[in-house]
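From first to last, the protein sequence lines stand for chains D and L. When we follow my numbering, the leftmost residue of the first sequence carries the number 223, and every step to the right adds one. When we follow my numbering, the leftmost residue of the second sequence carries the number 4, and every step to the right adds one.
Worth flagging that the hints you see were computed from the coordinates, not collected in a lab.
Only pairs whose alpha carbons sit at most 20 angstroms apart, straight line, appear in this in silico SDA-like list of lysine to any residue:
#1 Lys-135/L with Arg-795/D
#2 Lys-64/L with His-153/L
#3 Lys-135/L with Gln-826/D
#4 Lys-577/D with Gln-506/D
#5 Lys-577/D with Ala-567/D
#6 Lys-64/L with Ile-624/D
#7 Lys-508/D with Asp-442/D
#8 Lys-21/L with Val-580/D
#9 Lys-806/D with Glu-838/D
#10 Lys-135/L with Asp-111/L
#11 Lys-21/L with Arg-660/D
#12 Lys-577/D with Thr-437/D
#13 Lys-135/L with Glu-823/D
#14 Lys-21/L with Arg-655/D
Being a predicted model, the structure only gives us computed values, none of them experimental.
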Amino acid sequence: MIADLGFFSLLTAFLLALYGCAAALVGVRRNDPKWVASARAAALLSFPLLTISALSLIYSLINLDFQIEYVARVTSHSMPLYLRATALWGGQAGSLLFWSWLMSAFASAAMLRDWRRDRDLQPWVIVVCLATLGFFLSLVIFFENPFARMWQGVTGAVWTSIWQPTGALPYIPFDGNGLNPLLRHPGMIIHPPMLYLGFVSFVIPFAFAIAALVTGRSDDRWIRVTRRWTLVAWLFLSLGLLLGSRWAYDVLGWGGYWGWDPVEIAAFMPWLTGTAFLHSVMIQEKRALFKHWNLLLIILTYDLVIFGTFLTRSGVLSSVHAFAQSAIGPMFFAFISITLIASLALLSRRWQILKSDVQMTSMLSREALFLLNNFLFISILIICFLGVIFPLASEIITGQQITVGPVYYESATGPLWAALLLLMGVAPLSAWRVSTARTLGRAMWWPFIGSLLVLAALLFSGLRNPGALLGFWLCAFVVLVTLYEFWRGARARSQSKSEGFGLALWRLVGRNRRRYGGYFIHLGVVLIAIGIIGIEFFQQETQGRLAIGERLELGEYAIEYDSLAEWQTDDGRLIDRAVLNLHKGGEFLRQIYPRQDFYMEAQQPMTIPGMHSTWESDVYVLLVGWEPIAADSATFKMFVNPLVNWVWMGGLVFIIGTLVAAWPEPDSALAILPAAGQERRRSAEARG
Amino acid sequence: MSSTTLVRPNAGGLGRSKFLIGGLLILAAVIYLIISSAAAGAQFFFTVDELLARGPDAVGKPARIAGAVLGDSIVYDPESLTLSFTIVHMPADTRLINDEGGLAAALDAAVVDSTRNRLDVVYIGVKPDLLKHAAEAIVSGELGEDGMFHATELLLRCPTRYEEALPGQAG
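Starting from the given sequences, assemble the full structure and let the hints guide the process.
Next up, the structure:
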């Protein structure tokens, strides 16, 4: 049976992961490359094995093998093929298997790089990757087995196990539960894989960091080797967060995109430490500073990734009172504690050799500003973490559970985000080592004047909200600084190489991908910030019951109720769809169609907004209620969300920027990882 | 670019204390932000029993209550968007919930038990899709003079069918 095949290859992969860890350790102890080669083979083999396992689960999901409990839980007859297949990550057990499969893919990919320069690191990278994989596989096998089947005894009782109990017969339900309708959305289908890709690829830099710590290397080799891994991890994590926001905006129907839900924050926290890490490794590469700090950041990121994987699927914190309810909760808690303590112990043992003889000297130097950037990201992390554990902590301390809502997160992190925006404007203009207020002031004179002009224009147009004015001014400042940087670099290049300005700009970016990719990312962040300021400060809403022909007005927009139709679909939905005429400034603009899909099988409605989306604002209308049968009146909730599309546009720019920064250099385009290593060796030799 | 100099000025005690003072100032600002925001955003989490036990003391204070929804009590007036329903006391402690056989069983036990304390909730807004019989409602707001709980935020969980935790819709 296919499920047996899946389970046995899962079990084999688990045993191989344990063997691989042991073999790598033996290899180190006996200083015998043969054992390490064997451990490497085990790591490589885990990928095809888990691929078989994942494919057999997908096969069972597609063919609706309802005897398998997981299949019965997340699929049903009414679900189309693509939803059955992607139900692989629709529930906890499948998600954990999917996570493990990705982990084995990344571990294998890391094994395929050119290790000639890093022989000493290899066994430890294997140990970290396979120990992480082994932990997740043990959860899949012993606690959350997606291949467990249901059996019915003579008494009629049904239980779940992988083996057939004596005297029991297979129990096959007529239909499955199906995936929660709210999750049946394209955004929700690609959002978890993106998030998981981001989570898993952060394991690789962590593995190299631990390897460097164990072997006592104090150079920045581990950072250089994993730079691209980190960027890719960060890219996927950012994509996952953006897609999740888009899903919330399209499906959850509260007119927003981010609710400071513990599950969202769980995915956000590794992004915060990851972003801090991306910035601070540059200081170690340029100035050999902050070695301890970078190691600490990657250790934190790794454990937040594990924590995030746990929270996003188990939902323990959303229930507010159920930390140990899930069987795997204590396991995760133990694993996080062990890895955190072990990594920190290792770091403290190597503390001395990591000490840098260089010191920071100037408060306005690039490295000092990067340090401040890190400080701000970590402060936001602490605010988020405190918010997430506040209910648990307060219950333990006072016996009384106290929660903090979005108000807490918004007012605590708001000023810090503003400070980060300001830094984004100032830091690119400051110099390494020594920078004074005078040199810095000279460099940012033009962008500063320009941003003041923007501010004046905003004041002139009637904008008076101080928070929004400050935010927009900062955004203008960062955009101008960034564009100024592009212009300055291209002009210098075009003069010295006598190239045309366009060509010079193209080559400038092409030759300094990391730097200018980073600037693109900054521009994307500013666009996102503009969108957030728009919706946070200027969102309008109203609601009302409309008879046919009646209007509801909000700002310059008005909706007019035209009609409502109800019909059934083949996939078991009862759809009620309203037709509204949208007017702007009294003129008819277009029709929009808010609707409610009622999933009959699940007895659950889903509210889908009718939207008119422009770069200026979104008109977002929800169908809330209606008179049955005649439908001569219906209730609507209407939002105008200014500038919200800038968030998604910014996301796009952000992703393009990350791709620019992560793109391999031209001469190493053929073989990404090995060639990149050689190229660095060449440049290192040239420098040395 | 401003001029970069390779000469390193004396990084003596003054340099260090400069960074230390700067760091401490920022740290103080962050701590202030956390405390003031927590004070503004904090809500006490009660069970229905705990809220009612506080009597008149509880009136007008921000609180967050979890309880099981009684399906028959749900009344929604789409004209005024006024939603009212009754929640039944259920334990907040994980152990007690597990003793009852998990969250789904605890919710089912709560809605059939007529001896338990109940609380009427009023909420103005869109009726959430997940609001139904034996769902767990987490309401934030305050107890009014009228003995009704006036909710400004409404989150729901239905553990019976789907294992995924979802943020509450249309809250």
